[in-house]
Amino acid sequence: MAQTNLTSLPASPGLKFRSIILGFAIVLIVAFFLGPILWQLLTSIKVNQAIAAVPTVYIPQLNQLTLKHYQDLFVRRPFLSYIFNSALVSITSTVLALGLGAPAAYALARLRIWGEGFILASILIFTLFPYILLFLGLLEVVKVLGLGNNYLALIVPYTAINLPLTILVMRSFFQQLPPDLEDAAKVDGYSIGQMLVRIVLPMTMPALVTTGILAFIFAWNEFLFALTFITREPMKTIPVAVAQLGGASTFEIPYGPIAAATVLGTLPLVLLVLFFQRQIVQGLTAGAVKG
Amino acid sequence: MKIDAIRQREQLTGWLLVIPAFLVLLLIYAYPIARSFWLSVFTQNLGTQLKPVFSGFHNYARMAFDGRFWETMMHTAEFSIASVVLELLLGLGIALVLNQSFRGRGVVRTITILPWALPTAVMGVAWAWIFNDRYGVINDLLARLGLIRSEINWLGEPMLAMLAIIAADIWKTTPFISILLLAGLQSIPADLYEAHAIDGANPWQSFRQITLPLLMPQVLIAVLFRFAQAFGIFDLIAVMTGGGPAGSTETVSIYIYATVMRYLDFGYGAALVVVTFLLLVLAVALASFFLSKLRAQASGAE
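So the sequences go chain by chain: Z and P.
Position one of the first sequence corresponds to residue 596 (my numbering), numbered consecutively onward.
Position one of the second sequence corresponds to residue 84 (my numbering), numbered consecutively onward.
These are computed hints drawn from the structure, not numbers from a lab.
Model, not experiment: these values are computed from the prediction.
Hints are supplied without guarantee of correctness; some may be wrong.
Facing chain P, according to a computed beta carbon distance under 7 Å, are these residues of chain Z, among others [as the list claims (entries may be wrong)]:
(1) Ala620
(2) Leu623
(3) Pro650
(4) Leu706
(5) Leu731
(6) Leu819
(7) Thr857
(8) Leu866
(9) Val868
(10) Leu879
Residues from chain P that keep clear of chain Z, each with C-beta distances beyond 10 Å, as calculated [said to hold, decoys possible]:
(11) Val168
(12) Arg232
(13) Leu263
(14) Ser331
(15) Phe360
Computed list of chain Z residues with no C-beta within reach of chain P, every gap over 12 Å [stated by the list, open to error]:
(16) Leu617
(17) Leu662
(18) Ser681
(19) Leu803
(20) Gln872
Glycine included, each C-beta is placed from N, C-alpha and C at the ideal position.
Generate coordinates for the entire structure from the input sequences, incorporating the hints supplied.
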């Protein structure tokens, strides 16, 4: 590791100076990345007078705390529906992306097929397309098929935007898998399909979890398609619903409920990061670097 | 004979496994772009009752004299370059810190990933609140430090609004760069540094002569990914300023969206998509050219 040469420096005043700098940097990093999230959390539990107080209230009194903003989300707005919609399209599209992407990744890693280079090159290029380039053409497709305000209008594009990552990550996983087991299965007379389901799939579970978490995050966070293809209020997903909370009335912007909504809308992702940070890092680096 | 049959079976199975995914990819990625190329030579807007009327390169000629288009291009370039450069510098710094051993490194690493995983649109709302002119925490902190005397209208002034958006983007996507660069740092063998230190090199020289060159491939990949994303930035700006004030933060994506969804000008919107696509392809081609050159250099040096 890189730190060995630095910590083995002989001069001890330099070492002390270095650890002070390091500590300072760590505090700055934590404050910068955590600050905005904590600030939303604090805003979401303050009463309106405390939210609109100048100068700003950093440590609210007990009587300045409330859970009313959270209550508002469920009483005055269909927040439960938003969560349900986001969960439904994210989970469905993640399962679809894995179901379609993993077999394709296996074929691209193990079997010699015609046009492999072309397929891989197009997948790599697709990962770089911003969604705005796709939305005009997709809007037409959605209109022609009558899929406006239909979950399919989100599920299919979300499956597709997660396929390149799924294929790249799973392919790099299959390439690292020792081929002996599959050879043994072939000798035992398994067909490729049987071998995939009975031998390869069980070993692939960890990689599927890693890829699935990334796919879920991307689907949950998508904004442009959800904004364009879904206009019925109870069918909206979290990012669109939260972004449009502010626009409800121009006279009084409901800062409290907005903050509560950002906290609830990001909570599933915060939990995912807390429990699966190792997998997220692995997946991201495998998808980008090895691809 | 037998071998041939087996090879054919392998081809067939391979294609059966790949085809479903590839068809979905073509439908969602290739078709919309191809369709935009086709639509871009038609005029289809309220003037034609939304019916496509062939008009050759009229849309492209119109674009050449469309001042708003060139302005959005400038904003997109400003935003992309500023955010990617700053995120790269900051991301490298954070990766170097996370590569040190210290107590609680796992926790700090988790916190560093957090912003990347959260929805951009939702956190855009949060950042708009932070930069709020009356109750925003930034203004309050600056006032407490005695740096400002009156409230700054961050999202209401052209230059400041752009700065606010870049700050929010840095918060959101620096983690991605840090993760990639940290993986790169960890793959550099420690004995390289030891040998270099024995030769009398100081840490700064090691950083210049070992870390940076060996990290270059990761840097380029990160820049490539981030540049493509930054070039198409939509959610953050749509939520924080909507392209305002007075169009000063309007990027190409926001303009394309308004052209299609607000002005219902599909033909011109398609032409905008085509030009943006071609510019992006050009940038990516240049970047991958340098990437392959660097990779060749790196493998030649080892």
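Status of each hint after checking the structure:
no.	hint	result
1	Ala620	5 Å, holds
2	Leu623	9 Å, violated
3	Pro650	6 Å, holds
4	Leu706	4 Å, holds
5	Leu731	6 Å, holds
6	Leu819	5 Å, holds
7	Thr857	5 Å, holds
8	Leu866	10 Å, violated
9	Val868	5 Å, holds
10	Leu879	5 Å, holds
11	Val168	18 Å, holds
12	Arg232	14 Å, holds
13	Leu263	6 Å, violated
14	Ser331	19 Å, holds
15	Phe360	5 Å, violated
16	Leu617	6 Å, violated
17	Leu662	19 Å, holds
18	Ser681	9 Å, violated
19	Leu803	15 Å, holds
20	Gln872	5 Å, violated
This entry does not satisfy hints 2, 8, 13, 15, 16, 18 and 20, going by the numbered hints stated previously.
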